[in-house]
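Number of protein chains: 4
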Amino acid sequence: MSSDQRIPVAVLGATGSVGQRFIQLLEGHPWFRVAEVAASDRSAGKCYAVATEWRLTAEMPESARGLKVKDLGEELTSPIAFSALPGDAALEVEARLAKAGHAVLSNASAYRMDPDVPLVIAEVNPDHIRGVERQKANKDWAGYIITNGNCSAIHLTLTLKPLYDAFGIDAMLVTTMQAVSGAGYPGVPSLDMIDNVVPYIGTEEEKMQEEARKFLGSYDGGFKPADFGISAHCNRVAVRDGHTECVSIRLKQPATPAEAIEAFETFRGRPQELDLPSAPKRPIIVRHENNRPQPNLDRDVENGMASTVGRVRECPVLGLKYVLLGHNTVRGAAGASILNAELLKAEGLLPV
Amino acid sequence: MSSDQRIPVAVLGATGSVGQRFIQLLEGHPWFRVAEVAASDRSAGKCYAVATEWRLTAEMPESARGLKVKDLGEELTSPIAFSALPGDAALEVEARLAKAGHAVLSNASAYRMDPDVPLVIAEVNPDHIRGVERQKANKDWAGYIITNGNCSAIHLTLTLKPLYDAFGIDAMLVTTMQAVSGAGYPGVPSLDMIDNVVPYIGTEEEKMQEEARKFLGSYDGGFKPADFGISAHCNRVAVRDGHTECVSIRLKQPATPAEAIEAFETFRGRPQELDLPSAPKRPIIVRHENNRPQPNLDRDVENGMASTVGRVRECPVLGLKYVLLGHNTVRGAAGASILNAELLKAEGLLPV
Amino acid sequence: MSSDQRIPVAVLGATGSVGQRFIQLLEGHPWFRVAEVAASDRSAGKCYAVATEWRLTAEMPESARGLKVKDLGEELTSPIAFSALPGDAALEVEARLAKAGHAVLSNASAYRMDPDVPLVIAEVNPDHIRGVERQKANKDWAGYIITNGNCSAIHLTLTLKPLYDAFGIDAMLVTTMQAVSGAGYPGVPSLDMIDNVVPYIGTEEEKMQEEARKFLGSYDGGFKPADFGISAHCNRVAVRDGHTECVSIRLKQPATPAEAIEAFETFRGRPQELDLPSAPKRPIIVRHENNRPQPNLDRDVENGMASTVGRVRECPVLGLKYVLLGHNTVRGAAGASILNAELLKAEGLLPV
Amino acid sequence: MSSDQRIPVAVLGATGSVGQRFIQLLEGHPWFRVAEVAASDRSAGKCYAVATEWRLTAEMPESARGLKVKDLGEELTSPIAFSALPGDAALEVEARLAKAGHAVLSNASAYRMDPDVPLVIAEVNPDHIRGVERQKANKDWAGYIITNGNCSAIHLTLTLKPLYDAFGIDAMLVTTMQAVSGAGYPGVPSLDMIDNVVPYIGTEEEKMQEEARKFLGSYDGGFKPADFGISAHCNRVAVRDGHTECVSIRLKQPATPAEAIEAFETFRGRPQELDLPSAPKRPIIVRHENNRPQPNLDRDVENGMASTVGRVRECPVLGLKYVLLGHNTVRGAAGASILNAELLKAEGLLPV
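Chains as they are written, first to last, in the working numbering: chain R, 3 to 354; chain E, 3 to 354; chain L, 3 to 354; chain P, 3 to 354.
Please note: incorrect hints may appear among the correct ones.
[Stated by the list, open to error] As a list, the in silico DSSO-like pairs of lysine-lysine whose alpha-carbon atoms are at most 27 angstroms apart:
1) P:72 - P:48
2) L:254 - P:254
3) E:254 - R:254
4) L:138 - L:101
[Unchecked claim] With the C-beta cut set under 10 angstroms, the calculated list includes, among others, these residues of chain P facing chain L:
5) 89
6) 93
7) 254
8) 255
9) 258
10) 316
No lab work stands behind these hints: they were computed from the structure.
We put the CB at the ideal spot given by N, CA and C, even for glycine.
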């Protein structure tokens, strides 16, 4: 392993659903290698293969099997920590690691709306990463925390970005039909999902409404949210992976469906300019069939890192409407953190 | 049977999904008895028990088993015909029967937007039934057609009615998650529904948008649609029965969630005044748990004839939002036709 | 309520899935009324309506809503206790109540194979209830425990009974496809059931194998299991209610499919003779279509108290094969206990 | 394309479910390239991208998009034809093509039990391919037909092979839980699969029972089926891909679970010896967790070309039991044909 020049990284909460996705996506990564895994004390001390009931289709990567699971309270040696911790654990652990000098790339909600913490989608607001300098100063930390957002908010905002830039956004409504993997394992009981829909996901609507505005807002020594109205209805449906979202939007400068499609299809961001390893070639894909996107058919396009848009058409009330779909545990979670880490490295902001 | 004083009725399209629901709901009806069943020529001539692959949970009513299935081209002797025909067959058959003097209570879409044909929800616009006189004159028919609406439009409009009356409606958006029984049998392929959502149902959005306005409009010698903006997103999800709909609405006179709930819960219509046999005691039921209504738990309340509303709350964009759910083949189809027939009888407009 | 002459009963574990089913099935019962509910200390002290998240389709019975939930450690005043307790709680609580003089009708597995405890299906081995006298003597209890079996074992054995009586059984194999409600709530995670099958249910195969033989065995001062080979494969599938089981069987005296069907259809047991309130008119129903029984269509026949059999045909290896289906939380759980209680009352063995 | 030295192949029934799987699996194949696609006259004349509603997760291969779909009646120029035709079309088309000199690798059932046609699993009975010489002589054809079997029979037999060789088989029972993709598209209605099981698949049980014995039989100038008893129960469950099968078996020479596992894990066949391009490294994979294999987690192992076995244990009735799972449209259909073609090429039996 001495010849492996890649940057060692830790995965926090490595045995859970999103943690497993981190392990899977980091396997064979050109810049990073998983050197440490940490989890709750129930798993600590065991080797990863024993501590983890692997639930992804492909098999557990060979390189991860033998890693000893550390307790969340232990010190880490890797300069970078990817966090898949639940909110309550994240609050304490992430701050401690950031204070100790680690770059913490967090998928947790604990710090997303913290006024000192960047909430970043690499294609949407890459300039927000500059906020880490102010964070370190304000919090007196040697390292920092950067968060990616809620899974539904990430895909929504990725599709809003080209519309926001080209036409401005005045107001929007979104109704989601979300996959069960977003709730982890065991997560949603099967009695709630067989022949059923649950029209409620705790705090999800609030997250979508506030995160979308922070993502699309500005950073100039402080984060200023974008100024538009947003309302979300969040539902859980019997789908394993892939959130579907129905959007109606009132643009500041009205656009035809054709103009919106043009904006979606030509959109490229900083990860595409920098040709980052995990960047999708096309961040937004437009399907032209009238019954797409569908979770089962479209969630894995661009390795799960793109959002797919379809049914772009006029909305009789707000002007424009469309459907979007994205993989909630790849681009909506672990993949988003990894892409953020790649951006930080390319921009020279990693502590290595 | 000579002592059975009930009005004989025919069911058209009796072997299909909605046709079976008609047979089931009319079993033991105090005013009507199924005397004739008609279906496409594939079934004609067989007895109903042989022609029909019964797919409802309870067993086929004994009284229907021995009925000989008539061809759709045959004459009928029953004064009332309930139609569960597909759109193309409905166009010709329903007109022929109306011309011949039958009261046709149709679940088909063929005549819903015809300027001479009432589109009626018994609680919402019972006065529209007066339009049959003008229809008979204009079309030179001895009988008439009255339609109930699209399944999603019926439940939506039932919940809009008290808001429309109390506060006025300026504009609204609705996103549906619809059950597969709405597409009949075989209908939606299982490959489209296992681990999937289909974000499209042909012509459903247009129907919802135009029917809701006709239902809530006025009749004064002609049907004048209500004047508000409406936009629908329609989706198919892996649910057997029960459509769930997420609504955001801008009222003319803003109302708090508590005021809206008051309007929903106190709403009663003409069927409740007349105490019609199929009328739900409470046309709209409000659930106060944050995760209701759910199709599996709420679709059968009031024998499937009510709409259930939940999560009534403020909408940051349009002012008010809520979720509604209703049984699509009972109140959303066969049950709506039967309730309309009961209303016609009570108001003295049946040709018997 | 002073005029209510019905026997007061308690339901243990009343807030869970099977407990709710007890409450539902006992509503309006002619002989019994729910006077007490008990559950774990988390619920104790609350009224039933507050302590229970009701998950059955119909609404919570009005009469149960206001009952105060007792702690499992409290004394009960009702002479009869229906137990829906989990195995570990059942072990202590049921014994304590039996010792104190209550008749405990248990759905739990704790005492099923106890050599002093009858394991009873009312149609299969009603004579085993006589074992309670010996139980009381051996255990020095004032009351007693009678158990019904595992949900899959009950339906299997109900269909085996007429074959056993008419032809004798030499050996049999059964493969189950079981509904998720059998695991309670939250129970089976939706990630295990969407687009999936789980070919394992802990201890279920062992239970089926040993319980079927005890049910069909004899009681003559001791329980002697029936002597035949039995092997079970148990699987969990994406069905809410209703276990489907594929059976192949070698009879001692070979029977044709027609002879087996005759035995199934003419089978009647002691509950039918006594015309007990919860007894199905036909304990076993035979469907003759080649694609039945199906859980969604057949589980509710006879109010969920019958087993439905189909596809009775020759087995090239063991001689005879068929498919059976039954409602797992009605006849397979709460309903079985209630029917046993009715049998005990009719036979004069209740302590009232 | 002049530099492409690969053998041109045709895919018959190319627009359907299994046809699409052929196109997908042949993309980038080292020995074969899809040069022709043929389908029913509804599609004929269109280019493949237009004629086909692609339903596999990955996108349609670029190389197939522009192929003109030929009518099934047209002559083909490719020496090899992979057939995904339905049974009735296969009967005529496959014979015509074989007569004209093509090697037809068929997934259809039409000729599987023909006494002159080999029914081949490359690992199980590779020597049966020698039967093509006799077939050509008997039928006076310039080419030949080789069939692979029913999807459930292939995976069952692949796991039986090492047991058959090591211990001999006396009798066995199998109960399947089959995925809906086996019925094509639209195939199984969603109303049959949401909250349901269908305990019947037309002719499936007969196919399994007769094909398993032909596969494991001998060829010595004629096909002689293996001599053991076999009985199948076939069920359809709500799974997209991957058939699960519960097997109980009586071996001629009894084996312990450990001995059976040893036989499964060490099994290698002719494709592994020849290192054929589509051969799985391990034809049978044994999982040691008690809740595996599961369709969602195990169907794609070895690119869908292996069978996964689990829960190998004693059967109280027949001696040994286990669960197996395999991908029904890869190893159970298109992939099996392709592997057979590779075997034929390696053995010098292709007409090129």
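Results for each hint:
Simply put, residue 72 of chain P and residue 48 of chain P have alpha-carbon atoms about 8 angstroms apart, close enough for the 27 angstroms limit, and the pair holds. The hinted pair formed by residue 254 of chain L and residue 254 of chain P meets the criterion: a straight-line CA distance of about 23 angstroms does not exceed 27 angstroms. Simply put, residue 254 of chain E and residue 254 of chain R have alpha-carbon atoms about 23 angstroms apart, close enough for the 27 angstroms limit, and the pair holds. In summary, the hint linking residue 138 of chain L to residue 101 of chain L is supported, as the alpha carbons are separated by about 8 angstroms, within the 27 angstroms threshold.
Look at residue 89 of chain P: its Cβ only gets to about 19 angstroms from chain L, farther than 10 angstroms, so that hint breaks. With 10 angstroms as the threshold, the beta carbon of residue 93 of chain P stays out of range of chain L, its nearest partner Cβ sitting at about 24 angstroms, so the hint is violated. Checking residue 254 of chain P against chain L: minimum C-beta separation of about 15 angstroms lies over 10 angstroms; hint violated. Because the smallest distance between the Cβ of residue 255 of chain P and any Cβ of chain L comes to about 19 angstroms, over 10 angstroms, the interface hint for this residue is violated.
Contact between residue 258 of chain P and chain L, as hinted, is not supported at the beta carbon level, the nearest pair being about 16 angstroms apart and thus beyond 10 angstroms. At its closest, the beta carbon of residue 316 of chain P sits 9 angstroms from a beta carbon of chain L; the interface hint therefore holds under the 10 angstroms criterion.
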